[in-house]
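Asks: Produce the entire structure from the sequences given, and follow the hints as far as they go.
Note that the protein sequences, when read in sequence, are chains U and F.
Residue 1 is where the first sequence starts when you use the working numbering, and the numbers rise one by one after that.
Residue 1001 is where the second sequence starts when you use the working numbering, and the numbers rise one by one after that.
Hints are computed from structural coordinates only; laboratory data are not their basis.
Just to be clear, a hint being listed does not mean it is correct.
[Unchecked claim] Taking lysine to any residue and the SDA-like style, the derived pairs with C-alpha atoms no more than 20 Å apart in a straight line are: (1) F:1100 <-> U:102; (2) U:67 <-> U:42; (3) F:1207 <-> F:1102; (4) F:1294 <-> F:1226; (5) U:232 <-> F:1263; (6) F:1207 <-> F:1097; (7) F:1100 <-> U:14; (8) U:102 <-> F:1017; (9) U:262 <-> U:221; (10) U:221 <-> U:66; (11) F:1100 <-> F:1186; (12) U:262 <-> F:1207; (13) F:1100 <-> U:179; (14) U:232 <-> U:220; (15) F:1207 <-> U:5; (16) U:102 <-> F:1018; (17) U:67 <-> U:137; (18) U:102 <-> U:162; (19) F:1100 <-> U:9; (20) F:1103 <-> U:3; (21) F:1290 <-> U:111; (22) U:262 <-> U:111; (23) U:2 <-> F:1194; (24) F:1133 <-> U:42.
[What the hints assert, rightly or not] One side of the interface only, derived from the structure: several residues of chain U facing chain F at Cβ under 8 Å: (25) 15; (26) 93; (27) 115; (28) 147; (29) 164; (30) 249.
[Claimed, not checked] In silico negatives: residues of chain U with every beta carbon more than 10 Å from chain F: (31) 48; (32) 78; (33) 185; (34) 214.
Glycine is no exception: its CB is placed at the ideal position from the N, C-alpha and C atoms.
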Amino acid sequence: MKSSTIIVHIIAWLIAIIWILPIVSIFMVAIRPIGEVLHGWWNFKEFHPTIGNFIEALNHPTTPLGKGLVNSFIIASFSTIIPIFVAALAAYGFARFSFPIKNYLFLFIVVMMAMPQQMVAIPLFQIMINLGLVDTYFGLILVHTAWGLPWIILFLRNFFLTLPVEVEEAARVDGASDFQIFLRIVLPTSLPALLSVTALQFTWVWNDFFLALLILYSPSKLVATQRLVWMKGKYHTPWDTLCAGAVLIMIIPVLIYALFQKYYVRGMVGWVIKG
Amino acid sequence: MSQKNITTPLFFIVPAVILITIFVIYPILHTLLLSFLSPSGKFVGLRNYFDVLGSKEIINLDRFTSTYPPWGALIHNAVWIAIHLPSSILLGLFFAIILKDVKGASIIKSIVFLGMVMPMIIGGLMAVFLFDKDIGIVNVFLRFIGLRSLANLSWTYWPETALLATILTGIWMWAGFSMIVYSAALATIPREYYEAAEIDGASSLQKFIYITLPLLKAPTQIVVVMSVLYELKIFDIIFAATMGGPGEASTVLALLMYIEGFVAFNFNRAAVLAALLTLLTLPPAIWIAKTAVKRK
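Replies: What follows is the structure in structure tokens.
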């Protein structure tokens, strides 16, 4: 090995160590009794790993994280399946048919994906009250659906454009309807793209804080991210339960990333970068 | 496959359009309307805008000569961009280049990318945790290199350091984005370019300047625009770390909008803040939308 190659490898692994240190910090505090880490988790004179902090976070007296994780899972699941189906329909409409103002409408929808959510916060709260959906999972799922649509439509439309139309035309000659073609041919062939949007949309909803903050306020309904913030406390910060809670919340998105890495990255940058 | 009748495309598109109209477009227009009304509902033109832009929470002119915040939420967003944008982009580019020919690069990339994967709210807690005077790993490092006065501060509790702590945490979280984009871009540059240059006797630096850099223009534009959007809309990190404090030393537009609207119930002022934030995000939003629509 050339010496320059060795230096590059040393720098690369130094980067890795520096970048993982914050996560290691959280993990170390999460798995050790608070007494051991009060003067730094890097002291290993005493080292008694425990799952006590995790159990404490899950059963926290005022904001039990266990319930929050269940709520987040329910909300993220529906907020992934529904927008993907609705967006896939729209994306197919944009990819395969022409109609007046199509291009303007499409660009307009795509611009919405970058809007700050603060711009809808106050009226959205009023809409939710009027529809009787404030403080309900269904209300939050509807909002996540609407906010997920623009980027999923964009991503799937760009993917549908790369599919050969001949297959769909052959099916049409055989008498299949447009909806049948969409359901039986287009969706199954788009599995890689659907995996990308599933991985990302689920993660984003799981990680969301602002929309949940607007719509859910009953203690029993709060999602995991909300509970973690309320656990922090104003004057006293219980780092043991907080770090354990952070690890528990992180597990799901990290698992999704680990399992679907290729699709995840493609979903994140595939629509702007080729490769 | 262009169709003459319009009912088929409508069938596909209408459900999405209805949902976006009710939960995105209508509320945006309503917020815009609120920003021109007085609390009693009278039309007051741009008066709310002048009020908000003239208030200390947004731009604190009195403190401009001071070396530390609060300078006002709008300025804090600008500081976010001024520090976070170049740092995260250059780090990402550096990582992408370093990791190009390293064994185990995919593991290292995954580690750097972890910050992009986790909830931003945890990032906010990390800003408190990492810069804590007792249990913060950053302060251990500072003590090690002799910066004792900084190391003995819990950064998020002091106006001098709170904003910076959130920005630095933001860099840790976001560097993975530019790294991934640049890595994807670097992978598309054919090896033959470099081989041909080597035959002509080009040095590593020359290869970088004449081959790599020009091809990084497009990905750089994308990273810059996406990063600016991220920095303008920053909310979760600050909410969890400092709630804008101490004494407004780390507020940003998005957080101030939430506080005005949902803590102080000044809906019209909150609407103005939201509209100003939207106005700032609109140019990058339109640019990225146009770019993405063109790609197939």
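Asks: Look at each hint and say if it fits the structure.
Replies: Hint by hint, here is what the structure shows:
1. Our distance criterion of 20 Å between C-alpha atoms is broken by residue 1100 (chain F) and residue 102 (chain U), whose separation comes to about 41 Å.
2. At roughly 32 Å between alpha-carbon atoms, residue 67 (chain U) and residue 42 (chain U) are farther apart than 20 Å, so this suggested pair is violated.
3. Distance hint between residue 1207 (chain F) and residue 1102 (chain F) is fulfilled; the C-alpha atoms sit about 19 Å from each other, no more than 20 Å.
4. Restraint check: the Cα-Cα separation between residue 1294 (chain F) and residue 1226 (chain F) comes to about 17 Å, which is no more than 20 Å; the hinted pair holds.
5. Note on residue 232 (chain U) and residue 1263 (chain F): the hinted pairing holds, with a Cα-Cα distance of about 19 Å set against a maximum of 20 Å.
6. Using a Cα cut-off of 20 Å, the hinted pair residue 1207 (chain F) and residue 1097 (chain F) holds, with the two alpha carbons roughly 13 Å apart.
7. With a CA separation close to 15 Å, the supplied pair residue 1100 (chain F) and residue 14 (chain U) stays within the 20 Å bound.
8. Of the pairs offered as hints, the one joining residue 102 (chain U) and residue 1017 (chain F) holds, with about 12 Å between alpha carbons and a cut-off of 20 Å not exceeded.
9. Proximity of residue 262 (chain U) to residue 221 (chain U) is assessed by CA-CA distance (about 34 Å); at most 20 Å being required, the pair is judged violated.
10. For the given pair, residue 221 (chain U) sits about 12 Å from residue 66 (chain U) by alpha-carbon distance, which is consistent with the 20 Å threshold.
11. For the proposed pair residue 1100 (chain F) and residue 1186 (chain F), the alpha carbon gap of about 8 Å is at most 20 Å, so the pair holds.
12. At most 20 Å may separate the alpha-carbon atoms for a hinted pair to count; residue 262 (chain U) and residue 1207 (chain F) exceed this at roughly 30 Å.
13. Straight-line distance between C-alpha atoms of residue 1100 (chain F) and residue 179 (chain U) comes to about 45 Å, which puts the hinted pair past the 20 Å bound.
14. Under the criterion of a C-alpha separation no larger than 20 Å, the hint pairing residue 232 (chain U) with residue 220 (chain U) is consistent with the structure, at around 18 Å.
15. Restraint check for residue 1207 (chain F) and residue 5 (chain U): satisfied, since their Cα atoms lie roughly 17 Å apart, inside the 20 Å limit.
16. In summary, the hint linking residue 102 (chain U) to residue 1018 (chain F) is supported, as the alpha carbons are separated by about 16 Å, within the 20 Å threshold.
17. For the given pair, residue 67 (chain U) sits about 14 Å from residue 137 (chain U) by alpha-carbon distance, which is consistent with the 20 Å threshold.
18. For a cut-off of 20 Å, the pair hint linking residue 102 (chain U) to residue 162 (chain U) stands: about 19 Å separates their Cα positions.
19. For the proposed pair residue 1100 (chain F) and residue 9 (chain U), the alpha carbon gap of about 11 Å is at most 20 Å, so the pair holds.
20. Restraint check: the Cα-Cα separation between residue 1103 (chain F) and residue 3 (chain U) comes to about 15 Å, which is no more than 20 Å; the hinted pair holds.
21. About 8 Å separates the Cα atoms of residue 1290 (chain F) and residue 111 (chain U), which keeps this hinted pair within 20 Å; it holds.
22. Annotation: proposed proximity of residue 262 (chain U) to residue 111 (chain U) is violated, straight-line Cα distance about 26 Å (limit 20 Å).
23. Of the supplied pair hints, the one linking residue 2 (chain U) and residue 1194 (chain F) holds, its CA atoms being roughly 19 Å apart against a limit of 20 Å.
24. The suggested pairing of residue 1133 (chain F) with residue 42 (chain U) holds, with an alpha-carbon distance near 14 Å, which does not exceed 20 Å.
25. Checking residue 15 (chain U) against chain F by beta carbon gives a least distance of about 6 Å; that is within 8 Å, so the hint holds.
26. A least Cβ separation of about 3 Å between residue 93 (chain U) and chain F falls short of the 8 Å threshold, and the interface hint therefore holds.
27. The interface hint given for residue 115 (chain U) holds, since its Cβ lies 6 Å from the closest Cβ of chain F, which is under the 8 Å cut-off.
28. Hint status for residue 147 (chain U): holds, given a least beta-carbon distance of 7 Å to chain F, under 8 Å.
29. Annotation: interface hint on residue 164 (chain U) violated; nearest CB of chain F at approximately 11 Å, more than 8 Å.
30. Taking 8 Å as the C-beta cut-off, the interface hint given for residue 249 (chain U) holds, the closest approach to chain F being about 6 Å.
31. Separation of residue 48 (chain U) from chain F is adequate, the least Cβ-Cβ distance of about 17 Å exceeding the 10 Å criterion.
32. Distance check on residue 78 (chain U): its Cβ is at least 14 Å (rounded) from any Cβ of chain F, clearing the 10 Å threshold; non-interface status holds.
33. With a least CB separation of 13 Å from chain F, residue 185 (chain U) remains clear of the 10 Å interface cut-off, as annotated.
34. For residue 214 (chain U), the requirement that its beta carbon stay farther than 10 Å from each beta carbon of chain F is not met, with the minimum near 8 Å.
When held up to the earlier numbered hints, the structure conflicts with 1, 2, 9, 12, 13, 22, 29 and 34 and fits the remainder.
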